[in-house]
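Undergrad: This is what each chain is made of:
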Amino acid sequence: MARILIVDDDQSIGLMLKDILEFSGHDVTISQQPGKTKENILENDIQLLLLDKLISGVDGTDVCAELREDEDVPQIPIIMMSALHNAGEVCKSAGATEFIAKPFDMETLISKTNEILEKHSGKD
Amino acid sequence: MDKELQIKELEKELAESRQEKLAVEEQLSFITAANNKLKEEIYQLKSLIYSSTALITFLKGPEHRIEFANDSIIKVWGKGSDVVGKPLFEVLPEIREQGIQGYLHQVYYQGEPYHARSLPVEHNVNGEMVKSFFDFSYMPQYNSQGKVIGVGVIAQDVTSQTKLHQKVKKSEKEFRELVDFMPHKISIADADGNPVFFNQSWVDYTGLNMEECLEAPWIKLIHPEHSKKFEDEMKESLKSGKDLDLELKIRNRSGDYKWHLHRAIAMKDDGIITSWISSSTEIQKLKEEEQRKQDFLKLVSHELKTPVTSIKGYVQLLQSIIQNDENNITKPYLYRIEGQVERLIRLISEMLDLSRIEKNELELNKENFSLNEHLENIIEDISYIHKDVQIELDHEYEGEVKADKDRIGQVIINFITNALKYSPDNKKVQIKIFKEERNMVGVSVRDFGIGIEQKDLTRIFQRFYRVSSENEKTYAGFGIGLYLSNEIIERHNGKIFVNSEPGEGSEFTFLIPLNHT
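If you're matching them up, the sequences are chains A and B in order.
Residues in the first sequence are numbered consecutively from 1, following the working numbering.
Residues in the second sequence are numbered consecutively from 125, following the working numbering.
In case anyone wonders, no lab produced these hints; they're calculated from the structure.
A hint or two may mislead.
Sample of chain B residues at the chain A side, in silico, Cβ under 10 angstroms [said to hold, decoys possible]: (1) H426; (2) S434; (3) Q443; (4) I445; (5) N448.
By construction, the Cβ of each residue, glycine as well, lies at the ideal position given by its N, Cα and C atoms.
Given these sequences and hints, build the entire structure.
TA: Now the structure itself:
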């Protein structure tokens, strides 16, 4: 079990991800406001961030890069998501740990999430 | 003695006069011969003049009385042969007022020759006025005292040449008007590509007049992005004589660049290039529409992906929840929903891919993988959703390829779903992986469905092309799948083709290089 934050401006996607991840045993917070990501991480002691690349008015890669540069934010793993299949490299160079293309398989999502959480907890 | 002397004298006189007679006789025969020769020469000259195709007459005195007229001119006059001796304007009163009298008077009274080219003359032939054209020479004729006694006329009937010339001129005028009237920009260049003509549309577009157009360094009107390509292709065409055909932006009078389709073809005479004809058609609106369409497609497919992602997630969540509940009756329905969602996702992805291809953004992520395993996985997935189909796989070749795994999978899925779609009665598909010569590996997908007509075979790889049939509505799809497949295989430096027989089924094949480098 891990505390996960989902940042996506589309509520239906956020809810769906929350339902799936809660079903597989995680504790999930969803947010539609990319500007409050830092507060959300700190307030909820988040262990993994799922961040959409294309959020209304904001580029997810900028949010990701800012978090990586901010020393007050713990260096938790960040999974970025996009409907653009070839956005993987851009996301990773912005500091994302992993990239998932939409629409994804539930299995892929869960296995990648667990894989990353396992790796990360090993590091600590 | 006197008598004898007298006789001698007489004999001597006789002898002398005999001699004189001989000399006279000799002289006479010489003159006769010369005279005959002269007669012969005059005859020859006359017959030359009479039989000449040139129209020849000699008009004597201030009345222009016909002293002589050859056969050709008599025929053209059309007034019979007994015209000699009559004044010209008595024979042809209708030509008096057409200026002919003035010319003849001028030559007769002033002694200066007069020449005219393609002079129109109307004259009466059997009661009908006929218009003809003549080249004329009127020349003063002199007597031995140097006084003008008449006018010699030599003329040539040039009616047919003149009419042809007028026709050509008319035709040229029409074509020039046509070329100026067209909204297309038309220009003509010499064999070396130097422009010699621009039509009105060019003048209007560039805001330069014809002379400025001809002097303007042409290449400067072309957008810097395209000028190099244009120059290269033009050089190539000038060298080889091949048609030029390219899209480029050309600057207008306000300094804006607009998209044009530019084409040029060589005019040849006996295989040698004599000039170049070019046309430039503005396609700016078309380009803008295309762009709008692509942006719209991208937006639509992106917007559609969000709800579909959500549906897919919930279907999979539901499947996980009831996974261990053997008796749950909703299980097969959820699989059906998942199958349809997958189909929806594929259609949306095709739309996105289409706009990527058109913007040249379709990139390949090549990796080494086993084509055999990949195919097995794909067939397993398809069989999972389509329970009623029979898919056979024959591994004639086993090995790895370096290619974009997802994209190759997309082609294979497209082949198989097409095979199933167009086999309404016989859901059997045979798939084969094989090796071709020249280091190529191939995958072929054979069905036993409705097949494809010969006329459609070459076109099915075109964008939006769908085989039309009476029951067309039973076959869903955008007509993008094979176009995408073709693009994907081409980007792998491979080949794609189809063999088909209506009523027997089809076999789609792709070949890709086996390069592991």
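Undergrad: State for each hint whether it applies.
TA: Here is what the structure says about each hint:
Nearest Cβ of chain A to the Cβ of H426 of chain B: about 5 angstroms, under the 10 angstroms cut. The hint holds. The interface hint given for S434 of chain B is met, as the beta carbon of that residue sits about 5 angstroms from the closest beta carbon of chain A, less than 10 angstroms. Taking 10 angstroms as the C-beta cut-off, the interface hint given for Q443 of chain B holds, the closest approach to chain A being about 8 angstroms. Interface restraint check for I445 of chain B: the shortest CB-CB distance to chain A comes to about 7 angstroms, inside 10 angstroms, so the restraint holds.
The interface hint given for N448 of chain B is violated, since its Cβ lies 14 angstroms from the closest Cβ of chain A, which is over the 10 angstroms cut-off.
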